[in-house]
Amino acid sequence: MKGFPIFRPVAEHGLLVEFGDSIGKAAHDAVLQLDRALAAQPFAGFIESVPAYVNLLVRFAPMVTDHQAVTAALQALLLQPAAAVGQGAGHRVDVIYDGPDLPEVARRTGLSVEAVIAAHQSGDYQVAMYGFAPGYAYLSGVPEAIRLPRKEAAVRGVAAGSVIIAAGQCIVTTLTMPTGWWIIGRSTTPILDAQAERPFLFDVGDRVQFRAVPK
Amino acid sequence: MTARLKIRFAGPHVSVQDAGRPGFARYGVPRSGPMDRLAMAAANLALGNPAGAAVIEVSLGGLSLECLEGQVAFAVAGGGFIVDHAGHKRGAWHRAVLRKGDVLTLRRGPWGSWCYLAFAGDLDVAEWLGAKATHSQSGFGGGKVMTGAELRITQPRNLPDGTIACPVFARPAHEFRATLGPQDRFFTPAQIEGFSAATWRLSDAYDRMGVRLRGPDLTPAAALDMPSEAVARGSIQVAGDGVATVLLADHQTTGGYPKIATVLDADLDRFVQLRPGDPLCFRLISASQAISAARIAAQQRQQWLARFNAAEKA
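Protein chains in written order, with the numbering used here: chain A, 1 to 215; chain B, 1 to 314.
Since the hints were made in silico from the structure, they are not lab data.
A hint or two may mislead.
Said to hold, decoys possible - Examples of chain B residues toward chain A, derived with CB under 8 Å: (1) Leu129; (2) Ser136; (3) Gln137; (4) Ser138; (5) Gly148; (6) Ala149; (7) Ala230; (8) Gln252; (9) Thr262; (10) Leu284; (11) Ser288.
As the list claims (entries may be wrong) - Pulled from the structure, derived: some chain A residues nowhere near chain B, Cβ distances all over 12 Å: (12) Leu15; (13) Ala44; (14) His91; (15) Asp98; (16) Pro103; (17) Ala106; (18) Val113; (19) Gln121; (20) Val155; (21) Val158; (22) Ala160; (23) Thr188; (24) Gln209.
Ideal placement from N, C-alpha and C gives every residue a C-beta, glycine not left out.
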């Protein structure tokens with residue numbers, strides 16, 4: 001990633017640290033590494049960091065520090081060996097594969113419904129980032145055989161807990177919302193529980209496996 | 001003791017807010033909290049509440065409520081809203097006591113888009129992820145304030161009537177400071193020049209998530225594919241149609257549109273008090289200028305808010 005990282009100021013309270021300009025493993029690994037290093041060794045005035053595919057937004061208190069000092073602190077973290085930051089946790093998510101779009105996904109991919117379900121479970125998923133709505137974790141790693149572009153029109157009122165896929169990504173929804181993604185099942189594993197000590201099941205960078213359970 | 005209030009009318013976008021829930025952006029949850037944080041702090045401090053206590057945020061749609069039971073002091077601050085209370089019509093920025101049978105109505109006045117109604121007591125509403133602030137997209141938190149609903153204030157206190165001085169720096173400005181980017185590279189020099197030279201106006205597509213602006217077309221020169229990334233309150237994102245949107249309290253935490261600039265957080269409390277149709281312009285400043293500006297603004301706010309503590313001790 002020649003020319004990276006790039007540090008871009010965001011108003012008086014942020015720096016966007018970019019490790020690439022297109023989605024790829026090297027850039028995302030670098031994002032996760034810096035994110036974990038910051039959590040372990042926050043600089044004075046650190047507020048939060050928000051990881052995404054190729055960059056990390058680092059927010060800070062302008063009363064305490066500034067862009068220049070934060071850039072220096074991040075560069076020092078980037079020089080540390082990667083091994084120091086550890087790996088993401090693994091999770092198993094149970095799914096009842098009875099989504100309304102399963103037959104159409106099977107038809108468009110030329111597979112049987114059973115083969116679609118098996119393919120979905122065969123994927124090795126990683127939490128790439130959160131977005132769209134609270135608890136919406138974008139999981140990368142949908143197998144090629146069941147990758148479809150999103151639908152032309154969104155469907156309204158898709159229930160929380162739906163397992164939805166589009167292109168290379170999968171989400172287990174946490175709110176009743178519209179979606180243009182393909183609904184293949186529903187999860188019995190809670191992803192967002194506001195009362196829990198850890199309200200969100202996944203951290204960015206975690207690994208996820210799906211497992212079919214009976215209705 | 002409890003004060004019980006009946007909502008006779010609530011316009012759209014009226015909701016419970018508190019200081020919000022920071023630190024969950026990485027899980028897709030924006031901070032939420034008041035659109036105008038200074039005005040909410042003023043209303044709370046005028047009652048001796050913590051600055052971030054739960055309040056009702058009133059939109060241009062207005063609010064009317066009746067006290068069914070008990071009595072409680074309240075404060076209103078934010079914008080030039082008109083307050084009708086027990087037969088008196090006044091501007092916002094004052095403190096009074098709501099008694100059983102009183103009707104209290106807040107409606108749009110000469111300026112401002114958001115007004116805060118705080119009570120000397122605890123607003124008894126739901127929390128979500130440790131805060132009562134309402135996340136408008138989901139309705140989680142204290143919730144939207146709806147016509148016909150009842151609200152309870154526990155531990156209500158009485159306080160003498162009084163006024164709150166509306167500081168000059170709480171009034172809406174028309175020039176807002178911003179830093180360039182982080183995706184200025186997606187725009188031509190002429191577009192960036194046009195961005196800072198133009199007179200913009202707020203459109204009426206304005207809610208707690210953001211406000212679309214009317215002004216020059218900023219359609220990026222080439223159809224650029226940009227991976228989604230974290231966005232900030234104050235980000236000015238440009239959608240594929242070339243329309244600029246300023247992201248606000250309940251913004252989605254990530255997005256895939258380029259941001260031409262980011263408004264200083266220190267300028268957002270004034271920005272949100274503009275109304276649809278109001279003119280504004282952006283002044284681009286450097287990151288180090290932004291730091292200096294933010295520190296001056298914070299000092300000014302702290303000095304002003306410290307008056308409330310001094311007044312209470314006097």
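Against the structure, the hints:
1. Hint status for B:Leu129 relative to chain A: holds, with the closest Cβ pair at about 5 Å, below 8 Å.
2. Checking B:Ser136 against chain A by beta carbon gives a least distance of about 11 Å; that is not within 8 Å, so the hint is violated.
3. Residue-level restraint check for B:Gln137 holds (minimum Cβ-Cβ distance to chain A is 6 Å; threshold 8 Å).
4. Here the hint on B:Ser138 is kept, as its CB sits about 5 Å from the closest CB of chain A, short of 8 Å.
5. The interface hint given for B:Gly148 is violated, since its Cβ lies 23 Å from the closest Cβ of chain A, which is over the 8 Å cut-off.
6. Hint on B:Ala149 is violated. Least Cβ distance to chain A is approximately 21 Å, over the 8 Å limit.
7. For B:Ala230, the shortest C-beta to C-beta distance to chain A is roughly 4 Å, which falls under 8 Å, so the interface hint holds.
8. Hint status for B:Gln252 relative to chain A: holds, with the closest Cβ pair at about 6 Å, below 8 Å.
9. This hint holds: B:Thr262 has a C-beta 4 Å from the nearest C-beta of chain A, less than the 8 Å allowed.
10. Checking B:Leu284 against chain A by beta carbon gives a least distance of about 11 Å; that is not within 8 Å, so the hint is violated.
11. The beta carbon of B:Ser288 comes within 7 Å of a beta carbon in chain A, closer than 8 Å, and the hint placing it at the interface holds.
12. Here A:Leu15 does not stay apart from chain B, with its beta-carbon only about 9 Å from theirs, under the 12 Å limit.
13. Once the 12 Å rule is applied to beta carbons, A:Ala44 is consistent with being away from chain B; the minimum gap is 15 Å.
14. Separation of A:His91 from chain B is adequate, the least Cβ-Cβ distance of about 14 Å exceeding the 12 Å criterion.
15. No beta-carbon of chain B comes within 12 Å of the beta-carbon of A:Asp98; the shortest separation is about 25 Å.
16. Here A:Pro103 stays apart from chain B, with its beta-carbon at least about 30 Å from theirs, past the 12 Å limit.
17. Interface exclusion of A:Ala106 from chain B stands, the closest Cβ pair being 29 Å apart, more than 12 Å.
18. Every CB of chain B lies more than 12 Å from the CB of A:Val113, the least distance being 31 Å, so the non-interface label holds.
19. Listed as outside the interface, A:Gln121 is consistent with that label: its C-beta sits roughly 25 Å from the nearest C-beta of chain B, beyond the 12 Å cut-off.
20. The beta carbon of A:Val155 sits about 18 Å from the closest Cβ of chain B, which is more than 12 Å, so the claim that it is off the interface holds.
21. Distance check for A:Val158 against chain B: the nearest CB is about 14 Å away, which clears 12 Å, and the non-interface claim stands.
22. Here A:Ala160 does not stay apart from chain B, with its beta-carbon only about 10 Å from theirs, under the 12 Å limit.
23. Its beta-carbon lying about 21 Å from the closest one in chain B, A:Thr188 satisfies the requirement of being farther than 12 Å from that chain.
24. Against the 12 Å criterion, A:Gln209 stays outside the reach of chain B, whose nearest CB is about 21 Å from its own CB.
Violated hints, in rising order: 2, 5, 6, 10, 12, 22; the structure is consistent with all others.
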